[in-house]
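Order-wise, the sequence lines are chains A and B. Position one of the first sequence corresponds to residue 1 (our numbering), numbered consecutively onward. Position one of the second sequence corresponds to residue 1001 (our numbering), numbered consecutively onward.
Mixed in with the good hints, there may be bad ones.
Residues on chain A that point at chain B, a partial pick, calculated with CB under 7 Å [said to hold, decoys possible]:
#1 P24
#2 R37
#3 E67
#4 A70
Pair ranges (Cβ atoms, derived) [as the list claims (entries may be wrong)]:
#5 D59(A) / E1010(B): 26 to 36 Å
#6 V14(A) / R1062(B): 23 to 33 Å
#7 R85(A) / F1143(B): 45 to 55 Å
#8 D59(A) / E1066(B): 12 to 22 Å
#9 Q86(A) / Q1070(B): 48 to 58 Å
#10 F1143(B) / L103(A): 30 to 40 Å
#11 V1146(B) / G40(A): 51 to 61 Å
#12 L103(A) / E1009(B): 43 to 53 Å
#13 R36(A) / E1066(B): 20 to 30 Å
#14 Y41(A) / E1005(B): 26 to 36 Å
#15 S104(A) / T1047(B): 45 to 55 Å
#16 I1092(B) / R23(A): 47 to 57 Å
#17 P24(A) / Q1057(B): 44 to 54 Å
Quick caveat, the hints were computed from the structure, so don't treat them as lab data. All of these numbers come straight from a predicted model, not from anything done at the bench. Using N, Cα and C, we set each Cβ at its ideal position, and we do this for glycine too.
Here is what each chain is made of, one letter per residue.
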Amino acid sequence: MSPALDMRKGSTTVLVLTLLAERPMYGYQLVKELERRSDGYFNLKEGTLYPALHRLEKDGLVRSEWEETAQGPARKYYYLTEKGRQALVKSAEEWGTFASKLLSVLGSVS
Amino acid sequence: MQTIEAYLEEVASHLMTDMVTETEILREVEEHLVEAVAAGRAAGLSTEEAERRAVAQFGPAREIAEQFRQVHNESVSQAVLSAALPVLLTMILRSAVLPWLHSLRGWPTGPAPVFFTALIALALLVPALAIRRWRYGYAAWAFFSVMAILQAGSTP
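Input sequences plus hints: build the corresponding full structure.
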């Protein structure tokens, strides 16, 4: 697996939590939103998002609710929980530190 | 929707969770694929092409199912317990329930109560099926069930 892909996989949690902090979304919506905002950089195999969401739900960071639609199948919306909100703040901080430290080390490479 | 159905079936075959969880997962996956197909068709693809692309972008069925399994099937101890449930139930049946029944009506020992016991044991085993279908769950369940019935059939 390429390093870039590895890095991207590790960031799925914080990316998902960030989007859900704005508003509840369902899986397909999350995938497309992620793609859109990153200009296609974050486009993992779409199916991998769902086990990740289920994991987040098991850990209490998100909760889900089925919603019927006017036409088409029902959608499972995910909502950020309070625990998820706190985890997001912590995670975003950690990623910020990680990124700046990494870049400062890289900066010292000619 | 043949490609989608085949894909869902493949995911289902590798999920190894209980029916409730499986149904919920498949429902969510299907909804995603339906929307992906609609988007593909809106972009000008034929239904067949849209389905193939949706499935390809979703990821290999087996791999995705494996990831779901890791999330939903964590507790090995729980799986072992559900496989051992039959023998536990039958032991309770034999050591507690049967003697009590005997004391109530003075049942004659012989084939009839044994057969009756086996039937009760089987009836109690059915719920065990509802519990997580661990990878070796069925084999373990069958093994313990046979042991349980043999136990029940032997003279106390």
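Results for each hint:
Using the Cβ-Cβ criterion of 7 Å, the hint placing P24(A) at the interface with chain B is not satisfied: the shortest such distance is roughly 15 Å. Among the interface hints, the one on R37(A) is violated; its C-beta lies about 17 Å from the nearest C-beta in chain B, farther than the 7 Å criterion. For E67(A), the interface hint is violated, the least distance from its beta-carbon to any beta-carbon of chain B being 11 Å, above 7 Å. With a least beta-carbon distance of about 14 Å to chain B, the hint placing A70(A) at the interface is violated under the 7 Å criterion.
The given range of 26 to 36 Å is respected by D59(A) and E1010(B), whose C-beta atoms sit roughly 28 Å from each other. Hint check: V14(A) to R1062(B), Cβ distance near 28 Å, so the stated range 23 to 33 Å holds. In this structure, R85(A) and F1143(B) meet the distance hint of 45 to 55 Å, their C-beta atoms being roughly 47 Å apart. Our hint of 12 to 22 Å for D59(A) and E1066(B) holds, since their Cβ atoms are close to 19 Å apart.
For the hinted restraint 48 to 58 Å between Q86(A) and Q1070(B), the CB-CB distance of approximately 25 Å leaves it violated. About 57 Å separates the C-beta atoms of F1143(B) and L103(A), a value inconsistent with the hinted range of 30 to 40 Å. Checking the proposed 51 to 61 Å range against V1146(B) and G40(A) shows it holds: the Cβ atoms sit about 56 Å from each other. Distance hint for L103(A) and E1009(B): a CB-CB separation of about 47 Å, consistent with the stated range 43 to 53 Å.
Our hint of 20 to 30 Å for R36(A) and E1066(B) holds, since their Cβ atoms are close to 28 Å apart. Taking the beta carbon of each, Y41(A) and E1005(B) are about 33 Å apart, inside 26 to 36 Å as hinted. Range check, S104(A) to T1047(B): Cβ separation about 52 Å, and the 45 to 55 Å hint holds. Here the CB-CB span from I1092(B) to R23(A) is close to 52 Å, well matched to the stated 47 to 57 Å.
In this structure the supplied range 44 to 54 Å is violated for P24(A) paired with Q1057(B), their Cβ-Cβ distance being about 23 Å.
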